[in-house]
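Engineer: The residues making up each chain are set out below.
2 protein chains.
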Amino acid sequence: MVGGMVSTNCSGTNAFRYGTMKDWVINLTVVLADGSVLKTRRRPRKNSAGYNLTSLFVGAEGTLGIVTEITLKLAVVPQDTSVAVISFPSIDEAAKAATKLIRSGIQLGALEFMDEVQMQVINRHGSEAVRRTAWDESPTLFLKFSGTTDAIKGDISRVKGIVQPFQPRKIFFARDKQEEADLWAARKEALWTMTSIKPEGYSMWSTDVAVPISRLAEIINRSKEDSSKLGLFASVIGHVGDGNFHQAVMYDAKNEQHQRSVSQCVHDMMSRALEMEGTVSGEHAIGIGKKDCLVDELGSEAIDFMKTLKQAVDPKWIMNPGKVFDLPAGSKAVAAK
Amino acid sequence: MVGGMVSTNCSGTNAFRYGTMKDWVINLTVVLADGSVLKTRRRPRKNSAGYNLTSLFVGAEGTLGIVTEITLKLAVVPQDTSVAVISFPSIDEAAKAATKLIRSGIQLGALEFMDEVQMQVINRHGSEAVRRTAWDESPTLFLKFSGTTDAIKGDISRVKGIVQPFQPRKIFFARDKQEEADLWAARKEALWTMTSIKPEGYSMWSTDVAVPISRLAEIINRSKEDSSKLGLFASVIGHVGDGNFHQAVMYDAKNEQHQRSVSQCVHDMMSRALEMEGTVSGEHAIGIGKKDCLVDELGSEAIDFMKTLKQAVDPKWIMNPGKVFDLPAGSKAVAAK
Chain W
9 MVGGMVSTNC SGTNAFRYGT MKDWVINLTV VLADGSVLKT RRRPRKNSAG
59 YNLTSLFVGA EGTLGIVTEI TLKLAVVPQD TSVAVISFPS IDEAAKAATK
109 LIRSGIQLGA LEFMDEVQMQ VINRHGSEAV RRTAWDESPT LFLKFSGTTD
159 AIKGDISRVK GIVQPFQPRK IFFARDKQEE ADLWAARKEA LWTMTSIKPE
209 GYSMWSTDVA VPISRLAEII NRSKEDSSKL GLFASVIGHV GDGNFHQAVM
259 YDAKNEQHQR SVSQCVHDMM SRALEMEGTV SGEHAIGIGK KDCLVDELGS
309 EAIDFMKTLK QAVDPKWIMN PGKVFDLPAG SKAVAAK
Chain U
9 MVGGMVSTNC SGTNAFRYGT MKDWVINLTV VLADGSVLKT RRRPRKNSAG
59 YNLTSLFVGA EGTLGIVTEI TLKLAVVPQD TSVAVISFPS IDEAAKAATK
109 LIRSGIQLGA LEFMDEVQMQ VINRHGSEAV RRTAWDESPT LFLKFSGTTD
159 AIKGDISRVK GIVQPFQPRK IFFARDKQEE ADLWAARKEA LWTMTSIKPE
209 GYSMWSTDVA VPISRLAEII NRSKEDSSKL GLFASVIGHV GDGNFHQAVM
259 YDAKNEQHQR SVSQCVHDMM SRALEMEGTV SGEHAIGIGK KDCLVDELGS
309 EAIDFMKTLK QAVDPKWIMN PGKVFDLPAG SKAVAAK
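Protein sequence lines, in the order shown, are assigned to chains W and U. Residue 9 is where the first sequence starts when you use the working numbering, and the numbers rise one by one after that. Residue 9 is where the second sequence starts when you use the working numbering, and the numbers rise one by one after that.
Hints in this document: simulated from the structure, not taken from any laboratory. Please note that a few of the clues may not be correct.
It does not matter which identical chain is meant; a pair holds if it fits inside one copy or across any two.
To be verified - No farther apart than 16 Å at their CA atoms in a straight line, the calculated lysine to aspartate or glutamate pairs in the EDC-like style are these:
no. : residue 1 : residue 2
1   : Lys299    : Asp312
2   : Lys81     : Glu285
3   : Lys178    : Glu124
4   : Lys196    : Asp42
5   : Lys161    : Asp184
Because the structure is a prediction, the values reported are computed rather than measured.
This is chain W alone, in the form it adopts within the complex (with noise of 0.2 Å):
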């Protein structure tokens, strides 16, 4: 839902053209801890006038107020769209693919990745309209294209020749648009043909990290080698043009060591994001669950100036207790779940 959207500033496939959920809200009405009401700005696309409080309250999980109204920008729905596939020999190959194609300028709508797990069980599980393609099992782009059709012309034959260097072993490029249709199709059922195998009793957790472009090959390797170590299966889909991308492992949830191999799993994967530079949450924010790791990313100054913040605004602790920061000692408070 929107208001789920603003409070966990989250994001998908297009913020690589269109930015995040920050990028889009023009003003908000919030209820503060003390019953009043505020909005945030009023209509223009720009501002400059006074605290950005929009952005405050955007991805502050509603500790800071209920937001009751929403005001968006809206985009202009591109002219035309097309998509392409390219698989790769390695998540190196594929990564630095990606790298080129995002300093080539090109206005690319979407730059997704998948590894060769999860083309695996899209080619087994997938719709039918997915299955129609015989998908390389191997580590893989999605590109979605956006713009004026002439456009695009000219953008698909820059990108065949810019991947060449990088050995790709499939190209599939859409000649309409049920074939448009079809191959970002695999994208989009990639979280469900997880799910679907999942076996009877067992989870998925599924977590993000986010690091600098130029680490994203490293980390997604070793949060796999590591996953594998474990014994867990996983597979990970990358929105490989902002450094964003999620790890879906599968565990028994009544194996305790089932549970300590997958909460050693992800606790890795978000240390080694901030040894690189990178941050715990993408796109997810931070809720209960990564608290602890907001302190190692940002340090206690930063938080500390959070929670004076907090302070200051809901001296109860009364807004979404419990998220983001822990209450504070002594707290009357009951922290929601």
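Once you've looked at the hints, dock chain U against the given chain W.
Structural biologist: Leaving out everything else, chain U in the frame of chain W:
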């Protein structure tokens, strides 16, 4: 300087395509009022970990802390650019054409407006390069194209069709890089040509407001009538793609009647922007001169919330005191000039 750009969340002609300063700052290092130092974020382009302190400090005009380090995102230089200049019989027609261009989905790099007064000044007082073009002295749109060479060709032919219903008077499309530079130079020199014709002893009051794009023609027309009725010489330049415009008004700073007139003129322009759900500051923040209007724009709840944040992190009001808000009654801080 970059520091000033960050602290005022400033922007200019390229904001239509690229957004404002807040969209390009990845993290900030800030010295707080108590002497502690924080870093707002790490390096990834995308991040949803904790409160968005980056956007809180951007545009805070140094009132929440002193920014000492800034990490910026870079944009890829487009493969090619070009420029077109189109004049119209009235501001209404120019604004309607602009709206149609925005909604067409063509990815313009910039979409600027100059009124007939500014075009006259450019024609007579521009540099040699600018005077190579015989400008039409009527309301004029300046378009910057950016993208691949092929895409730009397609965009230019679409633009010709889009503006046709609005009775364009003169259309210049740059045929080579020299013409592109010459045409855009007229926009770049706008402010300097105004300064160069300012009579000895006169001052120029340049201010900006922003409104929803649908109201832009109306507010420009009314502001021009207003300054003209008051007998003031004024030109209008607009970042029309963002609903944002500047009026530059000349006045004799030693003449009290002139001073009253120009104050009235600027004050009325801001009231009018607020009536149209606009903002008193599109891109130059609040400073000292617009403090009163900020309250009118946002209401006491939003201002009180901002002051609560300020008070919590700078209890002695020592950070750029007197900017954005007045000092609290009884404060020992001395207002900055």
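Engineer: Which of the stated hints cannot be reconciled with the structure, identified by number in ascending sequence?
Structural biologist: Of the numbered hints, just 4 does not hold.
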